[in-house]
Every structure is written in C-alpha cells, then in structure tokens.
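Here is what each chain is made of, one letter per residue.
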Amino acid sequence: MTSLDQLFVHAANTALGLLSDRLRPWASIALRIGVIAAAAPAIMMYLTLYERKVIARMQNRFGPTRVGVYGLLQPLSDGLKMLIKEDVVPRGADRLLHLIAPILAVVPAILLFAVIPFGRRMIAVDLNVGLLYVFAVSSIGSYAIFMGGWASRNKFSVLGAMRSVAQLISYEVPGVLSVVAIIMVTGTLSLTGIVEAQAGRWFVATPWGFAGCLTFFLSGVAEVNRTPFDMPEAESELVAGFHTEYSGMKFALWYMAEFLEAFAVCAFTVAFFLGGWQGPAIPFWALAGLLAAISAAAAKLPLPVRFVGALASAGAGLLWRAEPIPSWIWFLGKTYALFFVLIWFRGTFPRLRADQLMGLAWKFLLPLALVNILAAGLWSAMPFPVGTALSASLLVVSAWALVRLNHPAQLDHRTYVLAD
Amino acid sequence: MTILGVGVLKGLGVTLKTFLETYPWGRVLLRAVGIPSANGLVTIQYPDERQQHSERFRYFPFLVYDKTPDDLRCVSCKICEQECPPACIHIVGPAKDEQGRPLKAHGRTYPVKFDIDMAICMSCRICVDVCPFDAIEMDNQYEFASPDRFGRLVFDKQQLLKSAEYFKQIKPSEAAEVDARLAAKQAKTAPPAKPAVPPNPSSA
Ligand code: SF4
Ligand code: SF4
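Chains as they are written, first to last, in this note's numbering: chain A, 1 to 420; chain B, 1 to 204.
If we strip away everything but chain A, and leave its shape as in the complex, we get (with noise of 0.2 Å):
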C-alpha cells in the first residue's frame, strides 16, 4: 500500500507508467501543467469564498450563505456571473494592451506556482534557481498593473498603476533583501533545498528568521497591493485603481491574479520561514478523527453526505493510522491559517497613507532587512547560545533604534494669532 505522504507523487507515476518511454516525458510536462492549470482557479475561487467568509465574521456578519450549504456553491456564481457580463473597452482606450494586461498578470501567478514545494517530492519543477526564479517572474506583475492602468485612459487607473508601480518597486528590495540570509545559511537556491534545511528547527524560531519572516511577509502583502497596503486601488480615493476600467472576465483575471498572488505570497513565506511541509510527527489518525467529527457535527450538510465524509475520513484514518500528517496537508494547513493572517490584516488595519507607505519600506524595513543579513551571519558563525544573543540583541536594538529614528518630530505647540 502507498503512503500517504506520497499518494499524488505515486498515482501520477503509476498513470505516467503507462504510457511509451518516447511519450513520457511530455505527458509528464502535460500533467504538470495540467495540475497546476486546473488547481489554480480553484484555490483563487475558494480563497474568495475564505476571504468573504472570515472577513463577514470578524465584521459581525455570515458572510455568502445562500448558494448552496453553507454559500459552498458561491465562487462557481460569481465565475458564471463575470463569464456572461459585458465587457466594456473605454472609448480611447488602446485596446490591445487593455487586453493583453489582464492576462500578463495572471500568467506570472500561475507560473510562480511550479515552484510551490506543496509537499515532499511534491513540486513541479525543483529548479536549482528557484528562490530567484521567485523574484524574477513576480516582479512581471508590476509591467501588467501599469499597462493596465495606462491602457484604460482613466486617470483613476494611471493613479493607481503609477502608486502601484512605486509601492512594487519599493517593496521587492526589502522581501529580496530577506531572503539573501536564508541562501546565506542554507546555501542553496532550491525551495527543496531550504525547506529541507529546516528539518530540525523552521527558521522562523531563529532571532534572524523572525524579522526575516515578518519583512518578508509585509513586503510580500505590499506588493499583492492587498489591504493595509491597498493603495494602488484605494476604492475611496480612486474607484478602484488600475482595474476601474475593467469588466467582466478580464476583471475577473485581475482579480484572479491578485487572490493566487497573495497565496503565493504565504505558500512562500511558509516555504521560507515556516518549515515548509515539515511539521512535528503527529500521527495521521488524530487528524482522521477530527475531519470525522466535524463532518458528522457539521449541521447543514445533507445526513448522507455527513455519513459519507465521517465514514471516509475515519476510513482514511484506520487505513494510514501508522503515519504521520502527510507533507502536503502540512504546507497547505500553514498557508490557509497564513492566508487567515492576510485576510486578518485586511479586517482591522486602515490603509496606510502614501508617505507612510514608502516610509515603512525604505526607511524601516530595509535598513532591518539589511542588518538582518548580519545577523544571520553571527548566527551561523558563532556557536549555538552566543550566536543566538548577539543576533537577536543586534536585530531588537536596531529596531528600537529605527524606530526612534523615524519618530516623527515633535512639533512647537501653534498659536495662532488670530485665535481667541
């Protein structure tokens, strides 16, 4: 019997085993392409429904309840609905490029996901330059937000594309910049590799990987324009930034582009930071009985379909009660509960001005990023407990010091002259 840690990676071998050795090789790229073509509209459906969910809760309210159980049935709506909507090109508009632009955004998001490690052995393509390979096609989405903006002839969308373009640029130097000490430490550039290194201990509990992750983390929300850093399309200043102009389907790629990019963003800082799929050895049962128990519990459901999950769920649990969690359960639990944490940000925090914006990547988070970098060279050079102090002491003084340092100055109380 397979394990489950490799259920995928051996039913994909086992249909690849089939077919001609002159074959194979291509209905390997085929299937890659083909998984990932087909699972990234439905995780960017599903995390609309996530968002919309979590965000009516913390607002008081359900959420999508009336399209199907539990509004289960509302992402697959709202597609059909923004299929069959018209779609209108602003007259002046360069039409090409407003056509093209929608596109070129979603392209760069579904190619970051070949080199998502989902799970052990679980990736598309292990490239050995994948942490640059990162970099390198998520910036493409920048040149899609400015075509867009520019393409509309709307100066809401120039506005928004020219913020964007701005916050974008900023915002890479400090998530580069947090990274450069993970290669310093793993020396690898394979996402393999660096989830591999954090076997014994994620590199978010070292005093280096802590500020790394959350610098990566901000830059990474940054520049997915997603709330408190929404200012490329800040509906109360600009209707809605680069994509006020669209409708429709391409509306919908935008959008499409912006939710798989913001899960990117959190599959990454997960790889990164988070331990990746390596998770402590929790046997597999325990999980199985909790999936049962929540289905059985879960109210609305039809009684057979509760029945049926309960019994697979226990069945999968009694069948692999000698494993742990599989890998690939453990990468997408930490990037959900991470896209929580997005979605979070988005329910409380207001957005954050113009200057305020630029301010927190120049003037805070990259002078952290780049003593960061020398923080995780004492760790790594020195021995276990003096290396550990010395960096996490540089890193909080240097905080507390940037943050004295950017304290705005106090002013002189104002008379006026005129007053009283």
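The hints are simulated quantities; they were obtained by calculation from the structure and are not laboratory data.
Be careful, since some hints might not be right.
Unchecked claim - Straight line, CA to CA, 20 Å or less: simulated EDC-like cross-link-like pairs of lysine to aspartate or glutamate:
1) B/Lys17 x A/Glu51
2) B/Lys113 x B/Asp97
3) A/Lys300 x B/Glu49
4) A/Lys53 x A/Asp78
5) A/Lys300 x B/Asp48
Said to hold, decoys possible - Some chain A residues well away from chain B (every beta-carbon gap over 10 Å; in silico):
6) Phe8
7) Ala11
8) Leu19
9) Ser20
10) Arg24
11) Ser28
12) Gly68
13) Ser77
14) Asp78
15) Arg153
16) Ile169
17) Val176
18) Met184
19) Trp328
20) Gly333
21) Phe339
What the hints assert, rightly or not - Here's a subset of chain B near chain A, in silico, CB distances under 10 Å, partners left out:
22) Leu12
23) Val14
24) Thr15
25) Leu16
26) Thr18
27) Phe19
28) Leu20
29) Glu21
30) Thr22
31) Tyr23
32) Gly40
33) Leu41
34) Val42
35) Gln45
These numbers were taken from a predicted model, which means no experiment stands behind them.
For every residue, glycine included, the Cβ atom is placed at its ideal position computed from N, Cα and C.
Once you have looked at the hints, place chain B with the ligands on chain A.
Leaving out everything else, chain B with the ligands in the frame of chain A:
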C-alpha cells in the same frame, strides 16, 4: 513610552475576538481563556427569519372600513390629497349622481377613485394625522416588490380597503385610541343626528 506594535496587536486582538464570537466553539474557547463573550452574529437571515417589528412600525397607508367594504370611513374630503408631501394620493370624488347630487353610502359621501402611488409614498403618516375622520391608517406590510411599476405599485381603492378589525389586530393600542375618539364624537353628534341617517339630499 509605548512599545512598538502594541497598538497593532491590540487591534488584531479585537478583530480576532469578534471573529471567534460568531462561532459557538469560538465562544467556548474565549470563555476558556477567561474572556466573556456573547453571540456576535447580528444578521437576521431575512427571508428565513424576520425581525419583530414594534407596533408602531409603519409602511404604507390603507383605508379603513367598518363592517362591509362599502362602509368606508373616508368621505372624500381630499384633505389628505392636499397635504401629502410628495403628492402621491389621487382622489376622484365624492361620488355624484347624474344631477350632480352627492351619492351616499351609510350616510356618508364616498370617493369614486382613491389611488395611492406606493413608489412615491414616503411613509410620513401625514395623511393619517390630517384626516378628520380617522379614515386612513398606516399598515405594517412591507413586501411589495414588483417589476410592474404602475400595475402593482399604484394601489386603487379596492386594494387599499382594509377592515377596522384588521387595524385592531396590527395596532391594538392605536386602534383603541381611534375607537375612543370616534365614540366620543358620535356621543356628541348622535342625539340630534338620529333621524338624519336614511335620506338626506339637502347637502349639495
Ligand atoms: S404616508 Fe405621507 S407620503 Fe404616504 S400617502 Fe400618506 S401623506 Fe402621502
Ligand atoms: S382619507 Fe381622510 S382626509 Fe383623505 S379624503 Fe378620506 S376622509 Fe379626507
């Protein structure tokens, strides 16, 4: 000195608490760590469950009749038509015969047509306040959505007529007040007006 990020964390705590409060297991969790919590969900799932409206909730006026639908209290004085701020009441009347003498039912003149345009009515209740005969009152029905603007949203006399019983049912205290007022009025006018009920042609 404030410590960096404490405000940020506090804000996150508030939203997390709100999030947890909407789930039963979340409330259990919150209570387990010693945070008092009540059900956070405030949504009323409208078509499945309805809000309990107070008695004074009002939406759209109706015409009151006493025992039979032709015994409506409205005498077609048109005061409400004149006072309605958005002018959504349209009255034709009082009813007259060929000679131009007013027709009467149950001793009162009555309107031939009495239309209220619901799409324009703003539920201000001024018509009710100005009517000297307590002939018009506010209803508490509100589900009238219709794609047919003039067919379904302009209410004619037949649609507007509702019994005094119904009024008593939806707004007992207001109906009691109106009844008391009408009874007092009748006590004042009843003794001399006793023979004047059957034929009374002298009020052209
Ligand atoms: S409630 Fe106000 S708006 Fe409506 S019919 Fe009466 S007077 Fe007119
Ligand atoms: S409802 Fe009242 S105010 Fe309006 S016409 Fe009839 S009697 Fe007069």
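Item checked: Hints breached by this structure -> Violated hints: none at all, because every hint is consistent with the structure.
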